[in-house]
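Asks: Let's have the full structure, built from the sequences with the hints guiding it.
Sequence lines, in order, name chains X and Z. Heads up, the first sequence is in this note's numbering, so the first residue is 88 and it goes up one at a time. Heads up, the second sequence is in this note's numbering, so the first residue is 88 and it goes up one at a time.
Just so you know, these hints were derived from the structure itself, not from any lab. Every value quoted in this text rests on a predicted model; they were computed, and no experiment measured them. Possibly wrong hints are sitting among the right ones.
Copies of the same chain look alike in the list, so a pair counts if it fits in one copy or across any two.
Distance condition first, Cα-Cα at most 25 Å in a straight line; then the derived SDA-like pairs of lysine to any residue [unchecked claim]: (1) K105 <-> A366; (2) K105 <-> V375; (3) K395 <-> E340; (4) K105 <-> E194; (5) K395 <-> E198; (6) K395 <-> P242; (7) K105 <-> V339; (8) K105 <-> A278; (9) K395 <-> R260; (10) K395 <-> E115; (11) K105 <-> N214; (12) K395 <-> E320; (13) K105 <-> P184; (14) K395 <-> P112; (15) K105 <-> R287; (16) K395 <-> R263; (17) K105 <-> G233; (18) K105 <-> T186; (19) K105 <-> R206.
Each chain, letter by letter, is given below.
Protein chains: 2
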Amino acid sequence: MTAGVPGRGEFAVIERLKHRLPGPPEGEVWIGDDAAVLGLGGSPVLLTTDMAVAGVHADLALMGVDDLGWRAVAAAVSDIAAMGGRAVHVLVAAAGPPTTDLDVLSEGVAEAVAAHGCRLVGGDLSNASEVVVVVSVTGVIEGGPGPVLRSGAVPGDHLLLTGPVGASAAGLRTLRARAASSRRPESGGEALVEAFLRPRARLAEGEAARLGGATAMIDVSDGLAADLGHLAEASGVGFRLEQVPVAPGATVEEALGGGEDYELVFAAADVGRVTAAFAAAGLAPPLVIGTCTAEPSERSWDGREVPKVGWEHGWA
Amino acid sequence: MTAGVPGRGEFAVIERLKHRLPGPPEGEVWIGDDAAVLGLGGSPVLLTTDMAVAGVHADLALMGVDDLGWRAVAAAVSDIAAMGGRAVHVLVAAAGPPTTDLDVLSEGVAEAVAAHGCRLVGGDLSNASEVVVVVSVTGVIEGGPGPVLRSGAVPGDHLLLTGPVGASAAGLRTLRARAASSRRPESGGEALVEAFLRPRARLAEGEAARLGGATAMIDVSDGLAADLGHLAEASGVGFRLEQVPVAPGATVEEALGGGEDYELVFAAADVGRVTAAFAAAGLAPPLVIGTCTAEPSERSWDGREVPKVGWEHGWA
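Replies: Printed below as a string of structure tokens:
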């Protein structure tokens, strides 16, 4: 889902709507986090919806509709990962021109659903003049503390990242270079292309972060700089970066501004406890990238201001 | 959501997908009914997703984007009503060209959510070359028997309808006639236009039908003839109609073939028990329109075959 940051495009519409509507009861979270937290049947249920539009989120000259379907599922499941939840059910609404091969699109959706350990339980199909896929995902919280919101970080918390970023953006650059070249494409870059076409939500990492005491968490969907900004704003803290881990083959700009890596960035007081939780889950330790500060306007890296990069989908 | 009827357009894609995927555990219902029935947090949760595309499901020359938003919410909530559930949470993914007034669209969505006693808990927005709205709704079952599927009718069951049908299709006809006329529009038809632009899901009626012993239920979204056909096919029964209740101002063809009335049609063994449950909820009694028969191919009305009318959205 989308964050609520007033004054800009889609976020402004959501913010205006949010302020006209009734707010959630105690224990629920509605508009403004990665997923909604709902009371249904006694225990908290996570629910999110995410939209992928050809020409906005995906260029069908560079990927198949199966890739578009996979990416839409991964993006929505990642919202559940960013709460520390386990994704359970997936519903898919898909539309496209009559020439769209819906069986191929469904194949990509089904593969992504299986790869993330979920189940496809329903959906809807329609004609449309362009390909649109909307994925809704349910999730549950299993054991330990409740869902990790964006808003719980406090000054002094460490900032951690589940892995280097920028691979997806570098994969897009690789595909564009291949498409623009009349020569036979150079080999290499397959891992980057795979990161772009077939990203994976970090469900195990999100759960380990929650069990390890994460105070706030968000997935890197709009770019590390932008998403860290969302987390800091929701928590009312600033941040000071010590390092920006760049995926092999990517640039620093791609690491800071490239979206759709779906690594998770989170805040936590005790790095040792986090590392132990990751080890208990058989995961490599997350990377410490900085700290939360008491000055909400601070967005620094190595003494300089973090460049404003990253994107807002649509309506700009 | 959509039914699974092999061999035609969108239904064929869903059917092929369904047969390649794992099926639900005991007590859950996935692809193929109005809404999915899911085990989440102990008690059954209903979940559905429904897509409205301008130019396919709605003509923006005849309605505003607020109407489109309202109709998308009503259509999805109606899937919960058709299970006998109470609709609880709504998520909306909306896209459109930059000229789309998203505040107006949101207004229609928010009004419909409030009118159906639900809460808007999240969503996503994007650019797209045409207006697309996807609504996902959660629901719960409160007291009495479990959710009413399409598949439980048996020969001898009565068929009941919560109200006359065809008003929505007649409202569309009225709007088209006004648009085609160069003269000042004639008065009248406001109730029909309202039925088309601002339909209401029959949540109270669906719950009363469930409490009154409904064995199978579906909402009239594709037309009475088509939707009765879906119910009969899922249940493995035929049907014999005694009457087709036509809304004032509508034609018999509109009553049989017009979708989007969102009245509910259901099967039940005991009309007296159904009527008592409707009376207990302060509702007028539903209309007995026929009976289920043992011959699955029977689709009769007054000794003749029910004409094949109604529509399949998209991909035809």
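Asks: Need the list of violated hint numbers for this structure, in ascending order.
Replies: The structure conflicts with hints 1, 2, 5, 7, 8, 10, 14, although it agrees with all the remaining ones.
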